[in-house]
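J.: As a plain string of letters, each chain reads:
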Amino acid sequence: MGHAIVVRGLSKQFRRYHPDRPRTLQEACLHGFRRRGLTEHFWALHDVSFSIAPGRMVGVIGANGAGKSTLLRLIGGVGRPDAGHVEVRGRIGALLSLGAGFHHDLTGRENVYVNGVITGLTRREVAQRFDAIVAFAELQEFIDNPMRTYSTGMQIRLAFAIAVHVEPEILLIDEVLSVGDMAFGRKCIERIAQFKAQGCTIILVSHGMTLLGELCDEALWLHTGRLAAYGPTDVVVSQYVAAVDAETQQSTAAAPQQQQ
Amino acid sequence: MTVSLLARSFRSTAIAAGVLSRAHRVGYVRDLLFVLVSRDMKLRYKRSILGILWTLLNPLAQLLTLSFMFRTVLPLDIPRYTSFLFCGLLVWTWFQASLSQATVTIVENSELIKRPGFPTAILPTVTVTSHLVHFLIALPVLWLFLVLDGSRVTSAMLALPLVMALQFIWTLSLAYLLATFYVTFRDTQYLLGVVLQLLFYLTPVFYDASAIPARYQLLYGLNPMVHLLNAYRAILLRGELPEPLWSLLVLGLLAIGLLIFSYGHFTRVSYRFVEEV
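So the sequence lines, in the order shown, correspond to chains A and B. Under the working numbering, the first residue of the first sequence carries the number 1, and numbering increases by one thereafter. Under the working numbering, the first residue of the second sequence carries the number 1001, and numbering increases by one thereafter.
These are computed hints drawn from the structure, not numbers from a lab. Keep in mind the model is a prediction, meaning the values are calculated, not measured. Any given hint could turn out to be false.
As the list claims (entries may be wrong) - Simulated restraints on C-beta separations:
hint	chain 1	residue 1	chain 2	residue 2	range
1	B	F1200	A	R148	27 to 37 Å
2	A	E141	B	V1277	30 to 40 Å
3	B	L1218	A	A83	45 to 55 Å
4	A	Q128	B	G1252	39 to 49 Å
5	A	H3	B	E1276	27 to 37 Å
6	B	P1079	A	T122	48 to 58 Å
7	A	A132	B	R1238	49 to 59 Å
Each residue gets a CB set at the ideal place from its N, CA and C atoms; glycine is no exception.
I would like the entire structure built from these sequences, with the hints used as guidance.
T.: So, in structure tokens, the structure goes:
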């Protein structure tokens, strides 16, 4: 039995743009196409390796900018790693960004079709699932209104509903679920648990440690682009919490006026 | 014996699976093209009273101005000038609108290209196809002008889809180049605006290509739109096959060559788009 996701030596470098970098042809010509400003690089991910067995649920934790979203994107095949590789076995369902490719001038119905097909369904498959998607998102009354009249929470509900109705074998969820209201949040969690029971492999980015503790088999801690820890959720979460506590204490202690 | 049988059945299953997924992939790309083109259409006509008529309004307004200009103010003495001009305008609009929109399509659809599994390379094709649909919507009006001007429908009309396919490939190959360029250099669209305006006068939209003096013809002929428009007019206005046919053949081969190059270039650099937009 192989793994559902294998990540080996994954590294991704981003350029930190110099303010002088040419953004237009005119500037590029004036600078004589010198590649100035492109020298500074930083590693968004550096030599990250792990593997996830089918049907496991992994929570990704870490500070903002630690590389969590970059990791999820690379697993989803968006962008190309600078080193290492990702192997994914199975159909991917993903919820990576708030906008989720919705167009504000189209109605909810039209957006479901566009989005469903983008996610990997054929038009007929979307038509078959349409009622179920709308019912899950609880948007029956609003589905023929233009998207611009939807609240952010409503948009996320619809996006989540589409993502779970493509019957993914691998589900990638970036910290977007917190946007929906409590009732819907619970519904999502129930649905995620159901998926897990069916053998779906799930990666979830979240800052909600209790949620992760309840749902995830394993946790993966990213610290400035490196894999800090990967193991049973309670162990990794407590390590992470301890590290954050220590850091907070240090930075508070460092402020002189706070010292007695 | 058993082992080889097993191996064979395993291989055939694998092949069947491969074929299935390829067939599914083709169906998926077709459906994606369909929903994205119809999205373009809907977005264009949403919140507008005239709806689909907007497609016609622009070329008709140009038709009115230019035909007043070159029939009354500076007479060009081209027979059946209304259909002559409208044919030119429709063909030019398809070309020009496709390129302008394809240039910005990657940046405008930055949300889409960040979705796992989304084939970024479909976006320029969607744009050129959308404008092909506009062209097809306006085609009956052109036919109306042709009938009113007394043009005959001949079997040469069968060559029309071929010429359209040729224009599609040309436009598409340029669209891929421009889309790639725009991601790095955002003033590509202003530069393109200037170039398209120049090209409008260097393409026989409102005048006949034969009006160009012989010593400039060779240089003038470097613009592929010249040959395309001549071919359209031969078929639609005169009911003849375009002459010389070899020039269209050369054009077709060049277009395919350019498309292979620009599409290849696009797919080589497209993984960077996610970071640049």
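J.: The structure should be examined with respect to each hint, and the outcome stated for every one.
T.: Here's how the hints hold up against the structure:
1. B/F1200 with A/R148: 27 to 37 Å: 36 Å, holds
2. A/E141 with B/V1277: 30 to 40 Å: 35 Å, holds
3. B/L1218 with A/A83: 45 to 55 Å: 52 Å, holds
4. A/Q128 with B/G1252: 39 to 49 Å: 42 Å, holds
5. A/H3 with B/E1276: 27 to 37 Å: Distance hint for A/H3, B/E1276 holds at roughly 32 Å.
6. B/P1079 with A/T122: 48 to 58 Å: For B/P1079 and A/T122 the Cβ distance comes to about 51 Å; the hint holds.
7. A/A132 with B/R1238: 49 to 59 Å: Given about 57 Å between the Cβ atoms, the range holds.
Comparing the model with each numbered hint stated earlier shows that all of them hold.
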